[in-house]
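Protein chains: 2
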Amino acid sequence: MINNFHIYNTLTRKKEPFEALNPPKVGLYACGPTVYGDAHLGHARQAITFDILFRYLQHLGYKVRYVRNITDVGHLENDADEGEDKIQVKARLESLEPMEVVQHYMNRYHMNMDALNVLRPSIEPRASGHIIEQQELIVKIMDAGYAYEVNGSVYFDVNAYNETHPYGQLSGRKVEDLLSNTRALDGQSEKKSGLDFALWKKADPLHIMQWPSKWSDGYPGWHLECSAMSTKYLGEQFDIHGGGIDLLFPHHECEIAQNVAGYGKAAVRYWMHNNMITIGGQKMGRSFGNFITLDQLFEGDHALLEQAYGPMTIRFFILQAHYRSTLDFSNEALKASEKGLIRLLNAVATLDSIKTSDTSSVDVATLEERCSQAMEDDMNTAKLIGLLLGGVNIIHKLAEGKESIAEKELEKLKNIYFSWVYSVLGLEQPEESGKANEITGDLITMILNLRNDAKSSRDFETADRIRKELTNMGITVKDRKDGADWEIN
Amino acid sequence: MINNFHIYNTLTRKKEPFEALNPPKVGLYACGPTVYGDAHLGHARQAITFDILFRYLQHLGYKVRYVRNITDVGHLENDADEGEDKIQVKARLESLEPMEVVQHYMNRYHMNMDALNVLRPSIEPRASGHIIEQQELIVKIMDAGYAYEVNGSVYFDVNAYNETHPYGQLSGRKVEDLLSNTRALDGQSEKKSGLDFALWKKADPLHIMQWPSKWSDGYPGWHLECSAMSTKYLGEQFDIHGGGIDLLFPHHECEIAQNVAGYGKAAVRYWMHNNMITIGGQKMGRSFGNFITLDQLFEGDHALLEQAYGPMTIRFFILQAHYRSTLDFSNEALKASEKGLIRLLNAVATLDSIKTSDTSSVDVATLEERCSQAMEDDMNTAKLIGLLLGGVNIIHKLAEGKESIAEKELEKLKNIYFSWVYSVLGLEQPEESGKANEITGDLITMILNLRNDAKSSRDFETADRIRKELTNMGITVKDRKDGADWEIN
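Chains as they are written, first to last, in the working numbering: chain G, 77 to 565; chain F, 77 to 565.
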């Protein structure tokens, strides 16, 4: 697999050429949602980022096994080791069995992702479905001397680990600095150190989600599932691990420690992190209460929204920024994205009507090369979209006959747009009910013919009235030499 | 909760009044698919049958927790205790990790069910996600003396169980008769008796799906998951258990034995079984190789299909038979269903345009009562649909002004049709792209106005041409006193 794809590896803090461990196979793991509420713009960005990676690697010819988990147990309030399970809190509030909450929000997450044209991962394992695998990993970590049991709970011993392996490599933190920033233990804590994290928590009797173990009836710590499930489905070493930058520390840092402690080696070759969505400069998140859910965006149903934004507009908006940049929500930016998207998709739809010449006055090869280079450069979709939008003018000129293109070059041009826009960026033409739209087209043609008849019989009043009525319905009529053209706005 | 709902209980072989254990809550469990292939008409019938029950119980005012499992491990070829796991066979054939196979077919199953407007269950647990719960149940059954371990596998001891509890109650079989019909053990078998069934199977080293246990690294027997998961999510006793009649023996019989042996009591109050889809008189099934998948039906893509049949036609076809009758596939029957469905849905769509009078010449109360009675009688959707179709003539007459109806009665009539057709039977008007259809309507109106203008100026040639062109497009124009009406065929 020869390619020039470079990935910014969070672990090494530089762009590195991508080399698969077992080409043509690639193992990709990305953190999925904790399913206790509706997905918001931030979830969309993470899912779309690694959807693009999944699609792009396949575009490069790799056979990708993409694993994205569902966190349905173990994720406590405040992302720490104290407090209640996020799902259980929601279940109590709504008087439901926790798994009813999980099912409900998982279904809704899938619906949202389908709308955004995010491909389903190859495997979508659930934390609650892999308790045994997590327990097995705990045993390995304890056997290696990097975890201890207290009162039925098991904690990872960060200080013991740090003696032999540097803890904090991914986030560039040092244990000493971390310790000085950590609240001193209050004497009530079971942990030896404030940096230690739970691998297994003994459940109090009221905790609904609990499983038997050799330590206690309890449940796994949040960080554990990703180590256990990525190993189960991708092996002890695999190519790429993705997630939002907010998961970098402590979640991914702990994941590395668990893998090294349990399996004797780090699992991941390339760590990739997408940046956050901000709103008025602040990170958008459930915990901050400043989020806009995807359904709210699709329906325009939120005080901050001036209109509804379709799923493809959201997708395009997200892809117009490089995944490692922050992306600030605003109506202005979303409206600009909507316009850009329509401009791009309309141009792509025009490609099939371009007529070829013997020679070309346009340079397709350079566009082709630059598009590839943009994606090879750490998946720069922002740059790619810029290039594709730049080419729209050329497409317009070709359609209007102001530039010429040979058959082979046109094939190349189509291939550029179809493969990048549809296959890799995953953008779709607006969905249309096939039959209804076919009829719509036929009806408009019929009306334009009636208008032509009116013109021919010099009944300009009727002809103008028809044009006006169509305009009122949002249909623009453009008179051309060889008849009239129309467009639904 | 007062109601007159009667259920045919397979266990008692008679219709019994439905009484919930903990009203207004109802616990409902139905067997879901083994996800190693595409769903066919038989799967649709089972899912739709219990979807109707789920909807109908809610219609009666119950709060239903509906659990439908996904079998993703343990279901061996030939539904017996020998042979390979069905999913593993498929995975090997396609060089995939078993959970990739599971994910793929589970996604496709969900897509098919969504298309059929089958509601998602409240909880959809997976067998592989409940290994611990299944192991716990095995321990209980062994402790009670109804299971034995051989070479790392654990089998349910049917003869020991039968000494204290009658085995075969659900299917009406006797152990003696069953034994005389069972192939004699060949001396190689680990089982004490041919009737015994696996609770835990020791995995051979090549078996990918295996988990540690106190007996061996292995996997659970197929029947076990339903006992373990129904208990976990619905409790040791719950209201209704559903499934296809092909699951009655041995699957459900074994399930009862497991529950009685492990928890000391039978779990289920009402057992309901839907009958099979036949094709040329033979049961349609994956094992028989005579199945037509739902996608093939939706796309008309099978040698036996004369045309494509939409999901609503399939749903209507299935509901036109009582769930306990066999239902034979034929193009004639499906075409008749398609016509009946359109007739019914068109009539329902007409209800909003009916004008009220001071008095009623039609009898709505009787229809209302008879519809309720049909469903109360063991969920007789066939009868209900017959009654609703019978009422279509009345709706037509009301629309044409040949019968009259008072406002209150009209509300009642609408309520009958909207609640039974949409809410309980789950039938939907054909999906239409909202905007495109609105435009279509406006365009047709515009054309009909132009035709009127032509008529007014005595240009009958143009008027006729317009009508003809519309007809060619599949749009029928009906001239009425107060203007023209139209219909897309």
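Honestly, the hints are just simulated from the structure, not real lab data. Incorrect hints may have been included.
Any copy, or any two copies together, can satisfy a pair, since identical chains are not distinguished.
Within a straight-line C-alpha distance of at most 30 Å, the following computed BS3-like cross-link-like pairs (lysine-lysine) qualify [to be verified]:
1) LYS101 to LYS544
2) LYS278 to LYS544
3) LYS216 to LYS554
4) LYS139 to LYS473
5) LYS166 to LYS139
6) LYS166 to LYS101
7) LYS554 to LYS544
8) LYS278 to LYS216
9) LYS91 to LYS166
10) LYS554 to LYS268
11) LYS341 to LYS290
Up to 30 Å CA-CA - LYS216 versus LYS278, copy category: This pair counts as both: shortest intra-copy Cα distance 19 Å, inter-copy 23 Å.
How do LYS554 and LYS268 come out at 30 Å by Cα distance, when the copy is not named: within, between, both, or neither? neither (76 Å within a copy, 85 Å between copies)
At most 30 Å between C-alpha atoms: does LYS278 with LYS544 qualify within a copy, between copies, both, or neither? This pair counts as neither: shortest intra-copy Cα distance 73 Å, inter-copy 77 Å.
Up to 30 Å between alpha-carbons, please classify LYS139 paired with LYS473: within, between, both or neither. Answer is neither; intra-copy 39 Å and inter-copy 62 Å both fail.
Copy assignment of LYS341 with LYS290, given that the CA separation must stay at most 30 Å: Intra 26 Å, inter 29 Å, cutoff 30 Å: intra and inter.
Measure nothing new, just compare the shortest in-copy and cross-copy C-alpha distances for LYS166 and LYS139 to 30 Å and report within, between, both or neither. between (39 Å within a copy, 19 Å between copies)
Please sort LYS91 with LYS166 into within, between, both or neither, judging by C-alpha distance up to 30 Å. neither (41 Å within a copy, 40 Å between copies)
Cα distance capped at 30 Å. Does LYS554 pair with LYS544 within a copy, between copies, both, or neither? Close inside one copy (12 Å) and across copies (27 Å); limit 30 Å.
At most 30 Å between C-alpha atoms: does LYS101 with LYS544 qualify within a copy, between copies, both, or neither? neither (58 Å within a copy, 59 Å between copies)
Since the copies are identical, ignore which copy is meant and state whether LYS166 and LYS101 lie within 30 Å (CA to CA) inside a copy, between copies, both or neither. between (40 Å within a copy, 20 Å between copies)
Measure nothing new, just compare the shortest in-copy and cross-copy C-alpha distances for LYS216 and LYS554 to 30 Å and report within, between, both or neither. Answer is neither; intra-copy 72 Å and inter-copy 79 Å both fail.
Going down the numbered hints, you'll see the structure goes against 1, 2, 3, 4, 9 and 10, while the others check out.
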